[in-house]
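Enquirer: Take a look at the letters that make up each chain.
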Amino acid sequence: MIERLARVPWGPLVMVAAFFVPALGSRFYTFVATDVVIMGLFAVSLNLLIGYTGLVSFGHAAYFGIGAYTTGILMKKLGVPFVLAFPAAGLGAGLAALVFGFFCVRLTKIYFAMLTLAFAQIVWAICFKWNDVTGGEQGMPEIPYPALDWMQRLPFFGDFRASDHFYLVTVVLVALCFWTLRRIVGSPFGRLLTTIRENPERAEFIGVSVRRYELIAFVIAGIFAGLAGGLFGIFNRGVFPDFAYWTKSSEVLIMTLLGGMGSFWGPAVGALVLLVLNQQITSYTEYWPFVLGTVLIVILFAFPGGIVGALAAGVTRLRMRHA
Amino acid sequence: MVSSGALPDPSFLFAQALSGLTAAMFLFLIAAGLSLIFGVLRVLNFSHGSFYMLGAYLAYQVVQWAATTPGRFWWATIGAALGIAALGGVVERLLLRHLYAKEELYQLLFTYALVLILGDVAKKLWGTGQLSVSRPPGLTGAVELFGTRLPYYNLFILLLGPAIALAFWIVLHRTRTGRFIRAAALDREMLGALGVNVTGLYTGVFVIGSFLAGLGGALVTPVKTIVPGMDVEIIVEAFIVVVIGGLGSFWGTFLGSIVYGQVLSFGILIFPRFSIFSVFALMAVVLIVRPWGLLGRPLR
Chain A
1 MIERLARVPW GPLVMVAAFF VPALGSRFYT FVATDVVIMG LFAVSLNLLI
51 GYTGLVSFGH AAYFGIGAYT TGILMKKLGV PFVLAFPAAG LGAGLAALVF
101 GFFCVRLTKI YFAMLTLAFA QIVWAICFKW NDVTGGEQGM PEIPYPALDW
151 MQRLPFFGDF RASDHFYLVT VVLVALCFWT LRRIVGSPFG RLLTTIRENP
201 ERAEFIGVSV RRYELIAFVI AGIFAGLAGG LFGIFNRGVF PDFAYWTKSS
251 EVLIMTLLGG MGSFWGPAVG ALVLLVLNQQ ITSYTEYWPF VLGTVLIVIL
301 FAFPGGIVGA LAAGVTRLRM RHA
Chain B
1 MVSSGALPDP SFLFAQALSG LTAAMFLFLI AAGLSLIFGV LRVLNFSHGS
51 FYMLGAYLAY QVVQWAATTP GRFWWATIGA ALGIAALGGV VERLLLRHLY
101 AKEELYQLLF TYALVLILGD VAKKLWGTGQ LSVSRPPGLT GAVELFGTRL
151 PYYNLFILLL GPAIALAFWI VLHRTRTGRF IRAAALDREM LGALGVNVTG
201 LYTGVFVIGS FLAGLGGALV TPVKTIVPGM DVEIIVEAFI VVVIGGLGSF
251 WGTFLGSIVY GQVLSFGILI FPRFSIFSVF ALMAVVLIVR PWGLLGRPLR
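From first to last, the protein sequence lines are chains A and B. 1 is the number of the first residue of the first sequence in the numbering used here; add one for each residue after it. 1 is the number of the first residue of the second sequence in the numbering used here; add one for each residue after it.
By construction, these hints were calculated from the structure, which means they are not laboratory data. Virtual Cβ for every residue (Gly too), placed ideally from N, Cα, C. Be a bit skeptical, because a hint or two may be false.
Covered stretches of chain B, as calculated for chain A (at least 3 residues, CB under 8 Å) [what the hints assert, rightly or not]:
{"#": "1", "segment": "83 to 96"}
{"#": "2", "segment": "228 to 242"}
{"#": "3", "segment": "283 to 291"}
Over 10 Å on every C-beta distance to chain B, these chain A residues come out as not near it, computed from the model [what the hints assert, rightly or not]:
{"#": "4", "residue": "Ala-18"}
{"#": "5", "residue": "Val-83"}
{"#": "6", "residue": "Gln-121"}
{"#": "7", "residue": "Ala-203"}
{"#": "8", "residue": "Ile-254"}
{"#": "9", "residue": "Pro-304"}
{"#": "10", "residue": "Val-315"}
Given only the sequences and the hints, what does the whole structure look like? Please build it.
Expert: Below, the structure written as structure tokens:
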């Protein structure tokens, strides 16, 4: 029974189920679901670095922010259609990740974390102060929705709201991103990243150019964070300097840790749990950070493998008992 | 902004340098503790900024309670520093200690969790308004120096910074405990094998670091308003300082504070809108060229 449950392809199933959230007819559910799907992608992209390559980036929000500003500026100021503005987010963030990553992968451990943080703060400072391009402190409100009129002609999905249509597009795009990332981590390249995480010296010894592989992983993670940012700017109806601030980086780190760094879907689960919890708790109390901090401490001490890690451990224990 | 071409007034430059130096001394108080804790415990303590903020609130609270006592500001300062030192001791003993064996990420996120929790605790206790403390009665005036007005309180801070640096240096280099602390920074296992109580030493270092954070928080109250968010603001600055100077390096932190203060103070003149940018860029350049900082040593 448990064996069979564990073999169900939960990830793809959930993505298919996510498609029917707008059918519930609640504006609120669609809102939360869009948030979860986008942040899930952001967290999974970070896990490519932390969970798979063993690089703790404390500035992943930089690429999220760059993606958001790229799409936002292109769509709002230059009237570029979404089909071009969306990939541009990945391109812009990927280029930034290539430049910053070139320097970051030269450092290890805590220094790597510090330099990623420094670069992210530079990005934030630019977004915060460059009024002419980024709108400065006020950010850039009123990013238009992509032109999705054609979706009204679709059967079943046709008579949904514009936000529902954008949600459906988001689900499809994020599912594609997940599929790509899944392929990447399952490929020989992905295996090498894990080798680097486990033992960089030995990886170097068997002829792997550790720095180059780390840089490639950094760029890929940056691209997908940028794509998530591009979607988020539209979903949020505006892009703000906070997107690149270090607290955003720690937020996505917490999601990753909460869900579990040891599995591919873990960070997405973390995003789901954290965002739903946020929605629930902020309706009772304004002290959300207090709750978040407490949850974080409980996880650090009691469930270092995150939710998915704890579930996996539970499944193993049950299996042992049945065997 | 200064008009291009003409040289700015020297007394103006002097004033700018002095204000940068005062800011640097405050930063040094905070960054010294951060750097000490990192140097010995190898923990990058995000909650250091929260301790600083709580120190400020605590000092405010004591000043309120002791409304008529003479010298209340100084009592408040000492009380806040000791209170925060005790808080640091409790946190290290009960929680942080159990994470030393785990990856750095866990320690980092633990201290970040403290930032979240303590920030909300301060909001709950003291609200979200701006609070302020007046300058201690003896230091309300100002002195005229090369055409610049320098408040006595700032002068006091300018002298206190180097005094604390010196005291620190004496403790680190001329006492037995200081030798242990320096040894722990180099090789904790060897020190433990030689029979030194390393766990106790760690607690002690964390307490001293927290004491400095609390002291800095209390001393800053007469020149800065106390608001929620000052924790996050200062920790970013202190990080930049210790990274520039060298994580764990004592004189590096001192130098880093001065560099930071001057870059910020003159950066405003050169690129008025991008002064924050200039310090982050400086930090990135230092990390790229000398990741261990200006005066630090490479970690093994």
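Enquirer: Determine whether the non-interface label on Gln-121/A survives the test: each CB of chain B must be over 10 Å from its CB.
Expert: violated, 5 Å
Enquirer: Are all C-beta atoms of chain B more than 10 Å from that of Pro-304/A?
Expert: Since the minimum Cβ distance to chain B is about 7 Å, Pro-304/A lies within 10 Å and the statement is violated.
Enquirer: So is the segment 83 to 96 of chain B in contact with chain A by the C-beta rule, three or more residues under 8 Å, or is the coverage claim wrong?
Expert: This one is violated; 1 residues, fewer than the three required, reach chain A with a Cβ under 8 Å.
Enquirer: Is the nearest CB of chain B more than 10 Å from the CB of Ala-203/A?
Expert: holds, 18 Å
Enquirer: Closest CB-CB distance from Val-83/A to chain B, is it above 10 Å?
Expert: holds, 34 Å
Enquirer: Could you check that no beta carbon of chain B comes within 10 Å of the beta carbon of Val-315/A?
Expert: Given a closest Cβ separation of 24 Å, the condition holds.
Enquirer: Taking a Cβ-Cβ distance under 8 Å as contact, does the segment 228 to 242 of chain B have three or more residues in contact with chain A?
Expert: Three-residue rule met by the segment 228 to 242 of chain B, so holds; n is 4.
Enquirer: Against chain A, does the segment 283 to 291 of chain B show at least 3 residues with beta-carbon separation below 8 Å?
Expert: Answer holds; 5 residues pass the 8 Å Cβ test.
Enquirer: Against chain B, does Ala-18/A hold up as non-interface, every C-beta pair farther apart than 10 Å?
Expert: Consistent with the label, Ala-18/A stays out of reach of chain B, its closest Cβ about 28 Å off (over 10 Å).
Enquirer: The output says Ile-254/A does not contact chain B. Does that hold with a beta carbon cutoff of 10 Å?
Expert: violated, 7 Å
Violated hints for the displayed structure, listed by number in ascending order: 1, 6, 8, 9.
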